[in-house]
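With chain H fixed as given, assemble chains R, X and D onto it according to the hints.
There are 4 protein chains.
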Amino acid sequence: MGSFKGHALPGSFFLVAGIWWTGKYSLWHATRRNKSIGSTRLAGRSLQRRLEIIENSVVLFFSLVGMLAEQFLADGPKLQLYNFAEKHWEDLMNWQHATMYLFFGLAATVSLVLHSTEAAPLALDRLMLAVAFFNEGFLFLYHLHGRSMLDVHVHQLLLYAVFGQAIAAFLEVFHRGNIILELLRCTLTILQGSWFWEIGFVLYPPSGPEWDLTDHSNMMFVTMCYSWHLAFAMLVVGVLYCTVSWSVLPSPQQKRDGSSWRPHISQYTDKSSLSLSDHVAA
Amino acid sequence: MGSFKGHALPGSFFLVAGIWWTGKYSLWHATRRNKSIGSTRLAGRSLQRRLEIIENSVVLFFSLVGMLAEQFLADGPKLQLYNFAEKHWEDLMNWQHATMYLFFGLAATVSLVLHSTEAAPLALDRLMLAVAFFNEGFLFLYHLHGRSMLDVHVHQLLLYAVFGQAIAAFLEVFHRGNIILELLRCTLTILQGSWFWEIGFVLYPPSGPEWDLTDHSNMMFVTMCYSWHLAFAMLVVGVLYCTVSWSVLPSPQQKRDGSSWRPHISQYTDKSSLSLSDHVAA
Amino acid sequence: MGSFKGHALPGSFFLVAGIWWTGKYSLWHATRRNKSIGSTRLAGRSLQRRLEIIENSVVLFFSLVGMLAEQFLADGPKLQLYNFAEKHWEDLMNWQHATMYLFFGLAATVSLVLHSTEAAPLALDRLMLAVAFFNEGFLFLYHLHGRSMLDVHVHQLLLYAVFGQAIAAFLEVFHRGNIILELLRCTLTILQGSWFWEIGFVLYPPSGPEWDLTDHSNMMFVTMCYSWHLAFAMLVVGVLYCTVSWSVLPSPQQKRDGSSWRPHISQYTDKSSLSLSDHVAA
Amino acid sequence: MGSFKGHALPGSFFLVAGIWWTGKYSLWHATRRNKSIGSTRLAGRSLQRRLEIIENSVVLFFSLVGMLAEQFLADGPKLQLYNFAEKHWEDLMNWQHATMYLFFGLAATVSLVLHSTEAAPLALDRLMLAVAFFNEGFLFLYHLHGRSMLDVHVHQLLLYAVFGQAIAAFLEVFHRGNIILELLRCTLTILQGSWFWEIGFVLYPPSGPEWDLTDHSNMMFVTMCYSWHLAFAMLVVGVLYCTVSWSVLPSPQQKRDGSSWRPHISQYTDKSSLSLSDHVAA
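Residue numbers (the working numbering), protein chains in the order written: chain H, 668 to 949; chain R, 668 to 949; chain X, 668 to 949; chain D, 668 to 949.
With the rest of the complex left out, here is chain H:
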């Protein structure tokens, strides 16, 4: 993946995932706040379950495609791990990327099983997601040996988003359905996606002059640029959340005739939102 396209591709995946999740969680949260509309609620749950199954099937599909692409495209190792003739490991980079995909594929598989059977507690899907992100960060951490300063730095910055996602997902094991943690994870996912694009532009500029990878002021700019990406991700999540909320919530007139209290109080009590998050009824 040492190319512009090799960073733009995973970046796009994470961007799409982040935006999709923001929409999904905003929708469920808005639906939970409108409990009065009984019929929508039941429909919502069975819809929710079906959506989870579709989402995880898509993730699983792309994980498999990613693993196969890393192995068999152009200069892949074609499942050969060690070159006994020349006594060296074969394309370790491709193998490492395939390993990252493997963990996201595992997380999707477990989610599929959880949402289509009653095999295990639902919170397991968040643990698997946390493990997948942790594994991604873990492999990146030992991935940077011997590169130039700026190259190391832009990848280290990526780790803030990746480990942040792992921590947020792990906290969701204990606070499932907490909209704030969910939006935090969405923000970090979008941040990771847009930062992959930024890495592509910095290390493999598609047009214009090369960056000086050893200049310290470049490093300072890149650090600040990471903050801007974070602000941008927060903006995207904020706009999406508000759009979804306002299109789903009842109009202000409806809210004024007394039913407006329930959603409001539920804001303060994590407990209630905890157990209603995903499909309680099958």
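FYI, nobody ran anything at the bench for these hints, they're computed from the structure.
Be aware that a few hints might be false.
[To be verified] Just so you have them, the derived chain H footprint on chain R, three or more residues with Cβ under 8 Å:
#1 759 to 767
#2 776 to 789
#3 796 to 808
[Stated by the list, open to error] EDC-like cross-link-like pairs, simulated, lysine to aspartate or glutamate; straight-line CA separation at most 16 Å:
#4 LYS754/R - ASP879/H
#5 LYS754/D - ASP818/R
#6 LYS754/R - GLU877/H
#7 LYS754/H - ASP882/X
[Stated by the list, open to error] The calculated label-pair distances, taken between Cβ atoms and stated as ranges, are:
#8 PHE728/X - ALA786/H: 34 to 42 Å
#9 LEU808/D - ASN750/R: 35 to 43 Å
#10 LEU746/D - ARG814/R: 31 to 39 Å
#11 GLY813/X - GLU753/H: 28 to 36 Å
#12 LEU735/D - HIS755/R: 51 to 59 Å
Since this is a predicted model, take the numbers as computed values, not measurements.
Yeah, the Cβ is synthetic: ideal placement off N, Cα and C, and Gly gets one too.
Relative to chain H, chains R, X and D alone:
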């Protein structure tokens, strides 16, 4: 901001913010403990909401002023990011400081929206505050390359306060209205404010001789001095909290006729204080 | 233990422990979900208690054997700590390994006392386990001075599993009976076990050529290999959990006649599973 | 304090504090489990409050004595901070130690106020304790510049206990009265005390030959020795806890006639023990 005034100014802002917050949280906590006085309570809530809106408007205003000042005053970059003629980044320091203000401005904007509409769970304002402090610490962390030993050290000490504030604010997402966490955050805010002043005195002494920035015993003194600033911040918060509590609480005679139990028991149960913190009723 | 056998032996112990725990926790979790079958439940609890006592007796026995073996086998220090004649410490490696066994022995002893008397809260056994794992990681951390790069790296990777186990066990003090944390700990235990075998194969290859301990691409391969061991451990735990669940749970027909709701709801509420974990009734 | 006595003295204080706390918390825990004996309970609470006041007065007294001793004994700085004649800081070590005492004094003062008035939530005393331990660790962290390897190492090991105490005390803010956290803190306090003695013996051997402070095998021995101190501290806490429990709990005969269930169930529910910890009634 490489000047005495450049450190005294943000220091003063944080000092004022810390003292204001201490007063505010002490007042709400004292009011929550006097539940018997029903009329004050309702007044308190609508007052609380209005105060939040005023507070966040002020923060937003100063963030905007700060960003504009960093850009357009004296030697600012005037929105120019890259000097293509001389091929170097334009005033990265000013851009970094403007970025810090940006995040506090974002936090204030989100708080304004949360407290004037019912768009999202209130706890989001603490997450935004945590992100703003984290971003400040993050930018400072990569800000120190190539400076002299004592300069690096005084800025590193600042990070204890900044990341401490980020952690305390993040914990408040889950334990909203916990007076102990709130006072901890106030203490760290005052510590950050007074330490900014100390940095100004150490690096740009307005009078008297220069400090030897490479002397190890200066470094040891400065470390200890940080502890003294913490003790001072704790003292300020303690005195303010007691003053506010004693001026709001009913006199001992009133407390002795039976109603004194409720506030006492509520000390032990975080739950009750959790959901009453900010304006429940509009 | 500087030999292939010296790494395979503890590896096997951890593999067995991880598999045993997976089976045990899966069984208790499946039993808790079938509350309708009242008779099995009571039997289950007294069985549970007896199993804990047997398990901890076995652990205690092997800890003692381990300590004695480290001291008195072949080249052990035979309880001599300092060689006053030659003025050097006697076999510090063996003493360190014996210390690790000591802490697992202590944890087993405390567990034995907890499960056979009512002396202290049950959660203490998890704290003791956390301390035992922490102590193992702590000793390994200062164990690596002056070794070759790959040797240090494979042992550092082990620390992820060891400290992960310590953290998971510590969290169980507050979330006892949380099946997700339990399975996480099982996974990390199996990971530690299989990684001990891997260390043996890398540092003391029983057949074939030696590894180049200073080659960076070997290090990259080993890092990725750690991820594969983790995936393998997750697979083993997953298969075991499903096997146990499906052999214990009532058949789908039984589940369809109304009793299926209770286990399902209990998934969402940690509280209920919290207090039923180990023997509530003696 | 660069002497054997200078390490033995604080070591003894921490040993006494650890043993005292173990006894106190074991006693309250045992009393809480015997709720049936109504009369003892009321006595217990007022006794509890009085004990807290006495304990904190003693801590405050010794903190003041410690601060005065560091300032005015033999070679103290006598409140002089900077020697303007010779242009150097005066006895920074003594000032640092006095600062450590100051924070323990502050914690004791706040505790005194909390337990004799109803000014603030009780949990504040644990936060103050956490801050005092954190401050001790913070000052030690920057205390070690330019010393020999073994000297640095024995002090770094101390930090595990000190920061461990800070974390345990901070967790107690949220889980007050959790006997497991309390005993963990007691264990770490005893560990800190006995390790201060060990530091004295290693760096300033009162008899026998000097230690070679640059020998790596000495460092490995000392690391292992720390584990032994931890095991010793756990043993002391365990023996004390059992002694107190068995002397306070009703005899087995009494337990068999039905009342034995209540204490047993309370083991599993942190909630109940949470709010009864310290004096609920004044």
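Status of each hint after checking the structure:
| no. | hint | verdict |
| --- | --- | --- |
| 1 | 759 to 767 | holds (count 4) |
| 2 | 776 to 789 | holds (count 6) |
| 3 | 796 to 808 | holds (count 4) |
| 4 | LYS754/R - ASP879/H | 11 Å, holds |
| 5 | LYS754/D - ASP818/R | 20 Å, violated |
| 6 | LYS754/R - GLU877/H | 13 Å, holds |
| 7 | LYS754/H - ASP882/X | 12 Å, holds |
| 8 | PHE728/X - ALA786/H: 34 to 42 Å | 35 Å, holds |
| 9 | LEU808/D - ASN750/R: 35 to 43 Å | 42 Å, holds |
| 10 | LEU746/D - ARG814/R: 31 to 39 Å | 33 Å, holds |
| 11 | GLY813/X - GLU753/H: 28 to 36 Å | 32 Å, holds |
| 12 | LEU735/D - HIS755/R: 51 to 59 Å | 58 Å, holds |
In terms of the numbered hints stated before, the structure departs from hint 5 and from no other.
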